[in-house]
Amino acid sequence: METTLVPSARLMRVLVGVASAGLVIFLLGMLLAPERTWSGYLMGFCYFTFVALAGPLFLAITHLADMRWAMPLRAIPAAMGATLPGALALGVMLVAGTHALYEWSHASAVRGDHLLEHKSAWLNVPGFALRTVLVFVVWIWLARKLAGLRPLERGRNLRVAALFMALFALTFSLACVDWIQSLEPHWFSTIFALHGLAAVGTSGIAVCILALLWLRRTQHGRELVTSDALEDLAKILMGLSLFWAYIWYCQHMIIWYVDIPEETTYYLAREAGDWSTLVRLNLFVNFAVPFLALMRKPWRRNPVALGRIAALVLVGRALDLFVLVAPALQGSEVRISAWELGPLLGAAALFLWLFLRGLAREPLLARTAAHAPHP
Amino acid sequence: MKRRHLASFDDEHALLGAIARCRAAQLDVVEAWSPHPVHGLDAQLGIPRSRLPMLAFAGGATGLVLGTVFQYWSSAVDWPIDVGGKPFDSLPAFMPVMFELTVLCAGLTTVFALLARSRLWPGKVVRAHPGVTDDRFVLAAVPRDPTLPAHEVDRMLLAAGAERAWEETIP
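Protein chains in written order, with my numbering: chain A, 844 to 1218; chain B, 1220 to 1390.
Derived by calculation from the structure, the hints in this document are not laboratory data.
Being a predicted model, the structure only gives us computed values, none of them experimental.
Heads up, the beta-carbon is just placed ideally off N, CA and C, and yes, glycines get one too.
A couple of the hints might just be wrong.
Stated by the list, open to error - Taking beta-carbon pairs under 10 Å as the criterion, some of the chain B residues facing chain A (in silico): (1) Gly1259; (2) Arg1268; (3) Val1302; (4) Ser1309.
Stated by the list, open to error - Derived CB-CB ranges, DEER-like: (5) B:Tyr1291 - A:Thr1061: 53 to 59 Å; (6) A:Thr1061 - B:Leu1334: 42 to 48 Å; (7) A:Ile1034 - B:Pro1272: 27 to 33 Å; (8) B:Asp1301 - A:Thr1120: 28 to 34 Å.
Given these sequences and hints, build the entire structure.
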């Protein structure tokens, strides 16, 4: 028995509309407010890439941990990973924005600045462009391999999954440093990529939960995605939110405690003016709400409540990116306008459109895989 | 001396399916063991919702309060020490201990509540059914009609899908 979910033509038109609007705002912004538009573009690009990366990451974990319960559902992470070429296209475009975004890309800013001169061996435009393309080539290649694995070829699956994990850890850490951390090139944090990993995990599991809730509209989906399965996923979401808060606090605590001027600049910028409100809101939406709401067993098992929490987490991920990216570019004043939101929403719509198209192409549930014999 | 019948299964679906069949055959399923949590088993056995999470929450909350109050008292009230010019009552510095004590107290409460509720203590000899910590699923059933002969009960259990069925006496 196979189930395929085809999204309504109206939904797809809305998504294309939002993505196109994002593109128009982006192009207009190039002329009117290039710096702010590029910051929105970077957020949109990271949002898209992080969610898409959750796909191959979950597939690799599924194989490495022999999660046979998740095998019938592997079409969902596979479709998430299949959107990576779209993220690559956005990443290639991002190279054009290096001058608007990154201080280190200006020769005049680097000259005479001891730290930036020292870091210029890594932080330079050709290197940035090359690395951005290279990490995507690795991810797309392995995401395709992971999506094509058959549950029964256990030895080969383990090798591909382990290779992905090793390369992902390296490439993703470097990519987080390149794309986000180098916005403030004098500052560094060795835990920074873990913050990105927490973002990948929480946004990815939230998208999986919403996709599974959508799947439950079919008879077969309701049989497979029981309230017990929903509760397990809710617990994973809760755990990952806790992980994000833990990493957030670890970075903050060490810098607060040691109090070295070159490290504290990061948090001083985020405690100035209205940024402190946004930082608190970020902790509330991304930690307090999912953690406390998912403590209630009935809400973990209730599709409506769980769907709302997952949707809120996805909004929270955008807020988290905003607090990561924007303070470096906007200074002490918080500015949220169409220039920031347009490209961000456009990229999110583009992801959703590609994701739903990918889901519709393949049968969602392969029943045979659910009862695969023990290897 | 109580008598009950045990039946072992080689997967969870067989165990779940057998419970309904046992009921239909006038056998009360009184207990089940499995190597991992089985979705739906609690409901099938009619076990009410566990109160363990409430105890764990109370333990965690106690740990959180203890960790906060003790650190505040020791570093801001009883013996203030200037550390790097930070305020004496610095919440960020207290958080690791608050977090660890929450987890520790919640964890210990859970473990000891579980031991107490299951009447387990060090040195107590518990007979585990073979395979139940590995890959076997076992249920215990008592016939509603006590005069039913043992071999008949075993036959019914096998008919319900058990790979093996036997009678046991518990002191």
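Results of checking the hints against the structure:
A distance limit of 10 Å between C-beta atoms decides the matter here; for Gly1259 (chain B) the minimum to chain A is near 6 Å, and the interface restraint holds. About 8 Å separates the beta-carbon of Arg1268 (chain B) from the nearest beta-carbon of chain A, less than 10 Å, and the hint is met. Taking 10 Å as the C-beta contact cut-off toward chain A, the hint placing Val1302 (chain B) at the interface holds, the least distance being around 9 Å. Using the Cβ-Cβ criterion of 10 Å, the hint placing Ser1309 (chain B) at the interface with chain A is satisfied: the shortest such distance is roughly 8 Å.
Between Tyr1291 (chain B) and Thr1061 (chain A) the CB atoms are about 55 Å apart, so this pair conforms to the stated range of 53 to 59 Å. The hinted range of 42 to 48 Å is satisfied by Thr1061 (chain A) and Leu1334 (chain B), whose Cβ atoms lie roughly 44 Å apart. A beta carbon spacing of about 31 Å between Ile1034 (chain A) and Pro1272 (chain B) agrees with the range 27 to 33 Å that was offered as a hint. A hinted range of 28 to 34 Å holds for the C-beta pair Asp1301 (chain B) and Thr1120 (chain A), which are about 31 Å apart.
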